[in-house]
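**Student:** Going line by line, the protein sequences match chains A and B. Using the numbering used here, the first residue of the first sequence is number 292, and each one after it goes up by one. Using the numbering used here, the first residue of the second sequence is number 41, and each one after it goes up by one.
Rather than coming from a laboratory, the hints here were simulated on the basis of the structure. In this text the structure is predicted, and so the values were computed from the model without any measurement. We put the CB at the ideal spot given by N, CA and C, even for glycine. Hints should not be assumed to be uniformly reliable.
Said to hold, decoys possible - Taking lysine-lysine pairs in the BS3-like style, the calculated list, with each CA pair at most 30 Å apart, reads:
1. B/Lys415 to A/Lys318
2. A/Lys361 to A/Lys318
3. A/Lys361 to B/Lys415
4. B/Lys178 to A/Lys316
5. A/Lys361 to B/Lys168
6. A/Lys337 to A/Lys411
7. B/Lys476 to A/Lys318
8. B/Lys415 to A/Lys413
9. B/Lys442 to B/Lys428
10. B/Lys415 to B/Lys171
11. B/Lys467 to A/Lys411
12. A/Lys316 to A/Lys361
13. A/Lys318 to B/Lys168
14. B/Lys428 to A/Lys411
15. B/Lys415 to A/Lys411
16. A/Lys316 to B/Lys467
17. B/Lys428 to B/Lys476
18. B/Lys171 to A/Lys312
19. A/Lys312 to A/Lys411
20. B/Lys178 to B/Lys494
21. B/Lys494 to A/Lys312
22. B/Lys168 to A/Lys312
23. B/Lys467 to B/Lys494
24. B/Lys415 to B/Lys168
25. B/Lys178 to A/Lys312
26. A/Lys316 to B/Lys442
27. B/Lys258 to A/Lys316
28. A/Lys413 to A/Lys337
29. B/Lys415 to B/Lys442
30. A/Lys361 to A/Lys411
31. A/Lys318 to B/Lys178
As the list claims (entries may be wrong) - Here are the simulated distance ranges between beta carbons:
32. A/Lys361 to B/Asp147: 31 to 37 Å
33. B/Gly481 to A/Pro365: 21 to 27 Å
34. A/Val382 to B/Arg397: 20 to 26 Å
35. A/Glu386 to B/Asp122: 41 to 47 Å
Take a look at the letters that make up each chain.
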Amino acid sequence: MDEMSVLLVDDEREFLEVLTKRLRKRKVNLEVAVSGEEALQTLQTKPVDIVVLDMRMPGMDGLQTLKEIKRINPLVEVIMLTGHANVDAAVEGMELGAFDYLMKPVDFDELLFKLQDAYKRKAMRQQSPGNTLDNDL
Amino acid sequence: MNYVLVVLAVLAVASVLGWLLVRRSSGGGPGEPAKPHADIPPAAITAPPAGDDAGALEDIDDLEGPLEARPRRGGRLALLGDLAAGIAHEINNPVAIMVEEAGWIEDLLEEEEFRNSPNLEELRRALKQIKTQGARCKEVTQNLISFGQKASIKAEDVQLNDLIQDVVNSYDKRVRAGNIRIETELAALLPSCRLSPSQMQQVLLNLINNAIDALGEKGGRVLIRTALDGENIVIDVADTGPGIPPEMLDKIFDPFFTTKPVGRGAGLGLSICYGLVERMGGDLTVESMVGEGAVFHVHIPIIGREAGARKAAGTGDGAPPAEETAAGAVAATPTVVLVVDDEVPFVEALGRRLARRNFEVHTAFSGDEALQILKRRREIDVVVLDVKMPGMDGIQALRETKASRPLTEVILLSAHTTVESAIEGIKLGAFDYLLKPCDMGQLVNQIERARRRKDRQEQRIMEARIKEITSRRI
């Protein structure tokens with residue numbers, strides 16, 4: 292997992308702290324941001340493979356942030372975290388190009404699996420930029 | 041037990057809320073009409089919460105004959121739903137942090153310094169317990185969040201007479217024991233309407249359970265009637281119990297209002313029913329005369345009349361078997377299929393053909409891979425599984441799938457030489473088996489039938505859960 296670079300975006304600092312420790316222990320290259328705006332700023336200077344994005348934050352909301360991320364770099368994969376069992380927002384996010392979503396409280400192992408899957412898809416897309424293959428393989 | 045704690049917590053918050061809104065409830069023993077309390081003024085004036093929709097109650101004393109009441113619209117129930125969802129979200133965050141910290145401790149325990157610690161096993165066990173309890177919290181909050189959800193649940197074309205007949209049939213044993221008769225008067229050629237069958241089942245179960253409770257020890261009759269009333273279908277649930285006194289009529293749809301003694305029902309049933317009926321675009325009202333029982337009226341608009349008329353013409357007032365009705369239903373979400381076979385070209389070809397028929401397809405080339413995917417993707421409805429594969433064979437994969445996901449259906453694909461394994465598979469819970477090369481139409485048919493069976497099982501489980509919450513029997 293040490294090639295993977297991830298940006299974690301969540302306004303809950305304690306959650307961010309413990310998740311950071313656990314991911315860094317597994318050699319994931321990690322950046323963090325506590326808001327949509329901060330996430331976008333970070334992405335300008337530090338490109339990442341995957342963004343894990345809490346959908347329910349004050350300030351710039353999840354879907355807005357997602358749109359912006361995809362505009363800046365469409366190849367970045369986004370995994371949504373919904374504390375909101377708001378399936379509509381999650382589905383809309385998928386339509387905007389998010390990779391998938393997970394419900395909070397998030398199962399750490401599930402998050403790891405999703406990160407691996409998202410990384411695989413990003414790698415595939417980067418190899419063949421014209422390929423719009425969306426199937427999971 | 042967990043449900044009790046959560047309901048008590050919501051009860052506590054809601055009673056504070058209720059106090060703020062100047063609410064009072066009357067109580068009485070089961071089966072007894074409530075005696076008006078001396079301290080409740082005859083026409084209690086309550087201030088509706090800000091933003092309450094129009095829905096002032098007519099002055100009951102002015103009406104004659106059976107008294108009909110409408111619950112106040114929108115306002116309070118929506119408030120409760122938002123409250124429940126809000127609490128759930130607030131709880132989710134601290135629980136998430138707790139569970140992650142427990143996981144972090146687990147990570148640290150793998151360090152060298154702890155290797156020979158005498159308490160290592162116990163520490164691990166305790167941490168696992170924290171995670172388990174955290175998962176339970178998550179389940180409970182999900183239930184609360186669903187209660188507050190405005191999103192609609194899968195709507196289908198439903199023949200209400202069939203649904204009602206199914207529900208009534210499930211009462212047989214309980215009813216015979218307690219000298220209660222459940223009767224039906226179902227209108228012939230009732231058009232179909234478009235709603236979520238599981239939600240309607242919840243409503244019916246609640247109303248019928250209340251009717252049975254009202255009859256109490258003395259027993260009596262419960263009558264369920266369907267009729268067409270202009271643009272609506274009307275379902276009546278009537279009982280010959282003691283009836284509902286006028287001062288209670290405008291309160292019975294309020295959340296946490298109950299005449300049952302503490303511990304025997306939280307009083308959520310009718311408010312949930314009201315919310316569900318409202319979500320279906322309908323209306324729930326009650327009529328009652330003390331000494332003569334009560335009737336609950338469920339009005340449901342008929343949407344999609346063309347489809348309804350077509351079905352009504354062919355149906356008549358009998359009860360076609362549930363499977364046939366489901367065959368006419370339009371599933372709102374595509375079926376998710378996992379295709380598993382070590383022959384890569386076969387899997388890819390099958391996957392493409394299924395995708396063209398609007399299935400959502402995932403693929404795996406081995407039993408191990410299939411199990412991994414099933415672990416990550418909870419939404420898989422049906423697995424199409426080759427019996428003979430190197431490594432983990434189909435039967436083993438079937439066993440493990442059924443062990444972790446009993447509701448997921450499995451269809452086995454077998455060559456002529458492996459038919460015996462396929463039959464063994466049926467005994468282990470596979471839905472069916474098909475011989476390769478299999479006819480595409482047959483396979484699609486079986487996948488759809490398997491999906492319907494899964495949906496029915498899930499509905500039954502959901503009903504049981506709702507019954508548990510709303511009609512508490514300790």
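**Student:** Does each hint fit the structure? Answer for all of them.
**Tutor:** Structure-based check of each hint:
1. The hinted pair formed by lysine 415 of chain B and lysine 318 of chain A meets the criterion: a straight-line CA distance of about 24 Å does not exceed 30 Å.
2. Distance restraint check for lysine 361 of chain A and lysine 318 of chain A: the Cα-Cα separation of roughly 26 Å lies within the 30 Å cut-off, and the hinted pair is therefore satisfied.
3. Straight-line distance between C-alpha atoms of lysine 361 of chain A and lysine 415 of chain B comes to about 29 Å, which keeps the hinted pair within the 30 Å bound.
4. Note on lysine 178 of chain B and lysine 316 of chain A: the hinted pairing holds, with a Cα-Cα distance of about 26 Å set against a maximum of 30 Å.
5. With a C-alpha separation of about 38 Å, the suggested pairing of lysine 361 of chain A with lysine 168 of chain B is violated against the 30 Å cut-off.
6. Simply put, lysine 337 of chain A and lysine 411 of chain A have alpha-carbon atoms about 20 Å apart, close enough for the 30 Å limit, and the pair holds.
7. Using a Cα cut-off of 30 Å, the hinted pair lysine 476 of chain B and lysine 318 of chain A is violated, with the two alpha carbons roughly 46 Å apart.
8. Under the criterion of a C-alpha separation no larger than 30 Å, the hint pairing lysine 415 of chain B with lysine 413 of chain A is consistent with the structure, at around 22 Å.
9. Of the supplied pair hints, the one linking lysine 442 of chain B and lysine 428 of chain B holds, its CA atoms being roughly 18 Å apart against a limit of 30 Å.
10. Proposed proximity of lysine 415 of chain B and lysine 171 of chain B is supported: the alpha carbons are some 18 Å apart, at most 30 Å.
11. As the CA atoms of lysine 467 of chain B and lysine 411 of chain A are separated by approximately 38 Å, the hinted pair breaks the 30 Å bound.
12. As the CA atoms of lysine 316 of chain A and lysine 361 of chain A are separated by approximately 29 Å, the hinted pair is consistent with the 30 Å bound.
13. In summary, the hint linking lysine 318 of chain A to lysine 168 of chain B is supported, as the alpha carbons are separated by about 24 Å, within the 30 Å threshold.
14. For the hint linking lysine 428 of chain B to lysine 411 of chain A, the alpha-carbon distance of about 29 Å falls within 30 Å, and the restraint holds.
15. Restraint check for lysine 415 of chain B and lysine 411 of chain A: satisfied, since their Cα atoms lie roughly 18 Å apart, inside the 30 Å limit.
16. For the given pair, lysine 316 of chain A sits about 46 Å from lysine 467 of chain B by alpha-carbon distance, which is inconsistent with the 30 Å threshold.
17. For the hint linking lysine 428 of chain B to lysine 476 of chain B, the alpha-carbon distance of about 12 Å falls within 30 Å, and the restraint holds.
18. Proposed proximity of lysine 171 of chain B and lysine 312 of chain A is supported: the alpha carbons are some 18 Å apart, at most 30 Å.
19. Of the supplied pair hints, the one linking lysine 312 of chain A and lysine 411 of chain A holds, its CA atoms being roughly 23 Å apart against a limit of 30 Å.
20. At most 30 Å may separate the alpha-carbon atoms for a hinted pair to count; lysine 178 of chain B and lysine 494 of chain B meet this at roughly 24 Å.
21. A threshold of 30 Å between alpha carbons decides the hint, and for lysine 494 of chain B with lysine 312 of chain A the separation of about 40 Å lies outside it, so the pair is violated.
22. Proximity of lysine 168 of chain B to lysine 312 of chain A is assessed by CA-CA distance (about 19 Å); at most 30 Å being required, the pair is judged to hold.
23. Distance hint between lysine 467 of chain B and lysine 494 of chain B is fulfilled; the C-alpha atoms sit about 17 Å from each other, no more than 30 Å.
24. Simply put, lysine 415 of chain B and lysine 168 of chain B have alpha-carbon atoms about 19 Å apart, close enough for the 30 Å limit, and the pair holds.
25. Taken as a hint, the lysine 178 of chain B and lysine 312 of chain A pair is honoured in the structure, with Cα atoms around 23 Å apart against an allowance of 30 Å.
26. For the proposed pair lysine 316 of chain A and lysine 442 of chain B, the alpha carbon gap of about 35 Å is over 30 Å, so the pair is violated.
27. For the proposed pair lysine 258 of chain B and lysine 316 of chain A, the alpha carbon gap of about 67 Å is over 30 Å, so the pair is violated.
28. Straight-line distance between C-alpha atoms of lysine 413 of chain A and lysine 337 of chain A comes to about 17 Å, which keeps the hinted pair within the 30 Å bound.
29. This hinted pair checks out: lysine 415 of chain B and lysine 442 of chain B have alpha carbons roughly 12 Å apart, not beyond 30 Å.
30. Proximity of lysine 361 of chain A to lysine 411 of chain A is assessed by CA-CA distance (about 18 Å); at most 30 Å being required, the pair is judged to hold.
31. About 28 Å separates the Cα atoms of lysine 318 of chain A and lysine 178 of chain B, which keeps this hinted pair within 30 Å; it holds.
32. Checked against the hint of 31 to 37 Å, the C-beta distance between lysine 361 of chain A and aspartate 147 of chain B comes to roughly 33 Å, which is consistent with it.
33. Between glycine 481 of chain B and proline 365 of chain A, the C-beta spacing of about 40 Å breaks the proposed range 21 to 27 Å.
34. Distance hint check: the CB atoms of valine 382 of chain A and arginine 397 of chain B are about 22 Å apart, consistent with the given range 20 to 26 Å.
35. Look at glutamate 386 of chain A against aspartate 122 of chain B: about 26 Å separates their beta carbons, and that is not inside 41 to 47 Å.
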